[in-house]
Amino acid sequence: MTVILGQTFTGISIGAVLLLIALGLSLTFGQMNVINMAHGEFIMAGAYTTYVLQKSISGAGLSLLVALPVAFLVAGALGALLEWVLIRRLYLRPLDTLLVTWGVSLMLQQLARDIFGAPNVQTRAPDWLTGNITVLGGDDPLTFANSRLFILALAIAAVAALSLTLRLTSLGRRIRGVVQNRDLAEVSGISTSRVDRTAFFLGSGLAGVAGVALTLVGPIGPTMGTNIIIDAFLVIVVGGIGQLRGTVIVAFVLGVTQSVLEYSTTVSVAKVLVLVAIVAFLQWRPQGLYTLRTRSLV
Amino acid sequence: MTLFKGAPGAKGLSASTGRPARAWAGFGAAAVALFALAPLALSDFRLGLLAKYLCTAMVAVGICLAWGRGGLLTLGQGVFFGLGGYAMAMHLKIADAGPGNLPDFMQLYGTATELPWWWRPFGNPLFALAATVLLPMAVAAVLGSFVFRRRVKGAYFAILSQALAAAFAIWLVGQQATTGGTNGLTDIQGFFGYDLDDPVNQRMVYFVIAAVLLLLIALVRQLIHSRYGELLVAVRDSEERVRFLGYDPANVKLVAYVVAAGTAGLAGALFVPAVGIISPAMIGIVPSIEFVIGAAIGGRASLAGAVLGAIGVAWAKTALSEEFPAGWTYFQGLLFIVALAFLPGGLVSLAGIVRRRRAAPALPLGGAA
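For the record, the sequence lines run as chains A and B. Counting in this note's numbering, the first sequence runs from 1 upward without gaps. Counting in this note's numbering, the second sequence runs from 1 upward without gaps.
It is possible that some hints are incorrect.
As the list claims (entries may be wrong) - Cross-link-like lysine to any residue pairs, in silico, SDA-like; alpha carbons within 25 Å at most: (1) B:Lys153 with A:Gly172; (2) B:Lys317 with A:Arg245; (3) B:Lys317 with A:Asn132; (4) B:Lys153 with A:Ile115; (5) B:Lys153 with A:Pro119; (6) B:Lys317 with A:Ile115; (7) B:Lys317 with A:Met107; (8) B:Lys153 with A:Arg89; (9) B:Lys153 with B:Glu240; (10) B:Lys153 with A:Arg167; (11) B:Lys317 with B:Glu240; (12) B:Lys153 with A:Val272; (13) B:Lys153 with A:Met107; (14) B:Lys153 with A:Phe150.
None of these hints come from the bench; they were simulated from the model.
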């Protein structure tokens, strides 16, 4: 019983990481229809920000808390810059954004290699995140790692912040307006180019926050972005493009599925099985779990 | 070369498809360059490298069809390249080991006492040769029919194909005992009875590769200029209209995807004797995208552009990464950004743009090719 609960919790914490990574993508890919392959490198930027801050601030706890807003700003600024230099020229060619931003991601990876060196680096977790919480006592105790709980809380907070921003603020209304009907938004007096850049700033900033969270899970390296970005894209595709609800549900479902499969098979077989399950799922719902109903033929 | 005689000439389909006479000349020039000039001018080492680049060009031929003509951005060509490569390498490993013996790496890990059941059929040369092409095509057919029938397309398709490449590479790494894991299948010595260490045989491998590349170009060119080729471009540009005309776009796309998988499989199979190794590092996400890069930079919609782009980028990678290991990555990234963001038709479109600029300076650039 505790094995099942333990695996489920591991799955939930994988899901929380996935969710944090995919959240920014749900803005830039889901809402803006831009496939940003450099998103993984923005996550890396957030992780290295944490690393640098820890070098300059002595307390690991303080540096982690400082890293959250700073990483948001660093990654967000990178995103806004990318949007301004390249992506705004490519809104009509979404597939090309994928390849162009791949070029950007190559360059950012090399930049990280030149600045921080090719080997992975490690950050220290603050003391208040190193322990475990024992939930079920007895002979066979069930323990949750504090750092995993912190990531879960961070993911929930980020989802809440993003959905409240999209729902309640005027910026959120403008973003949704531009997504739903760009031309109508433009003639209503919304500066779509400014909204695009702001949305990109927010989405990329969330990648930075995800990067901070990832420092608690594993080492930081120049290629860390490439390895996780595919999973995040799959979450968005299965969840339904631009659907926050879908992203949240699918992130946790995929996390738990992967964790359970890894327990019963191996990591590599689990990856393949999850992919097969996704293709099968898309047979049932080709546009993802949640879709905007439109009159379009596709 | 008589293949071209029956081909209907391109009637203004796009700037990249020249008239048959011009294509004839280009084809002849390529044949002369590959079979006469290159073997005379290049050392054995350089010729071996060229053989490797030509394999990349074969993948680009398929990418030109699927992506350039059909708009299917497939970021998973590494999977098909790998299937072809592993099918060939498995046969060559078995042949190297001799009857009854295990391939060296299996003895090394000591986990397998006899050949795994799924290795056994590859001991048969005919089966292995057929599998290098048919296995990738079958995988593409299954995946493609699932994906295209449910109208999964555009970014969804690109991401799925990319995830496939990632999953395949991870799976290969995980099966250490039967696939060689991260190392892959290395140290391949013989090629159907010929010793690959012998420079003469290496040259023969080069000639085989060059001949297969030319054959693939001729076949795919024929396909592009057929009725099917026109349909494929129509599906790319307006899928719904093609559907209303009574065709099933899913089938049209499926053919392009399967043919592209076949060329990639063949490329992988010939890559193995040329280089002597196949490993997960050659088929994961990064190499899969690199296959696309060459075609994109040269010109995705034009066979000549895609092939020359693939060879050029592969050559530049060797030449520049020898000199500046770090600088090459910046250059590669920059090349990719500039080519795609500012020159979507690739380098081959430059000539057309210059010509049009001269004729009418105010004419805007054409959209995505």
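How the hints compare with the structure:
Of the pairs offered as hints, the one joining B:Lys153 and A:Gly172 is violated, with about 29 Å between alpha carbons and a cut-off of 25 Å exceeded. A C-alpha spacing of about 44 Å is found between B:Lys317 and A:Arg245, which places the hinted pair above 25 Å, so the restraint is violated. Our distance criterion of 25 Å between C-alpha atoms is broken by B:Lys317 and A:Asn132, whose separation comes to about 49 Å. With a CA separation close to 39 Å, the supplied pair B:Lys153 and A:Ile115 exceeds the 25 Å bound.
Note on B:Lys153 and A:Pro119: the hinted pairing is violated, with a Cα-Cα distance of about 38 Å set against a maximum of 25 Å. Between B:Lys317 and A:Ile115 the CA atoms are separated by roughly 23 Å; this keeps the pair inside 25 Å, and the hint holds. A C-alpha spacing of about 15 Å is found between B:Lys317 and A:Met107, which places the hinted pair at or below 25 Å, so the restraint holds. For the proposed pair B:Lys153 and A:Arg89, the alpha carbon gap of about 22 Å is at most 25 Å, so the pair holds.
Distance restraint check for B:Lys153 and B:Glu240: the Cα-Cα separation of roughly 13 Å lies within the 25 Å cut-off, and the hinted pair is therefore satisfied. A threshold of 25 Å between alpha carbons decides the hint, and for B:Lys153 with A:Arg167 the separation of about 30 Å lies outside it, so the pair is violated. Between the alpha carbons of B:Lys317 and B:Glu240 the distance comes to roughly 41 Å, so the proposed pair goes past 25 Å and is violated. Taking the CA atoms of B:Lys153 and A:Val272, the gap is near 21 Å; set against the 25 Å cutoff, the hint holds.
With a CA separation close to 28 Å, the supplied pair B:Lys153 and A:Met107 exceeds the 25 Å bound. Simply put, B:Lys153 and A:Phe150 have alpha-carbon atoms about 37 Å apart, too far for the 25 Å limit, and the pair is violated.
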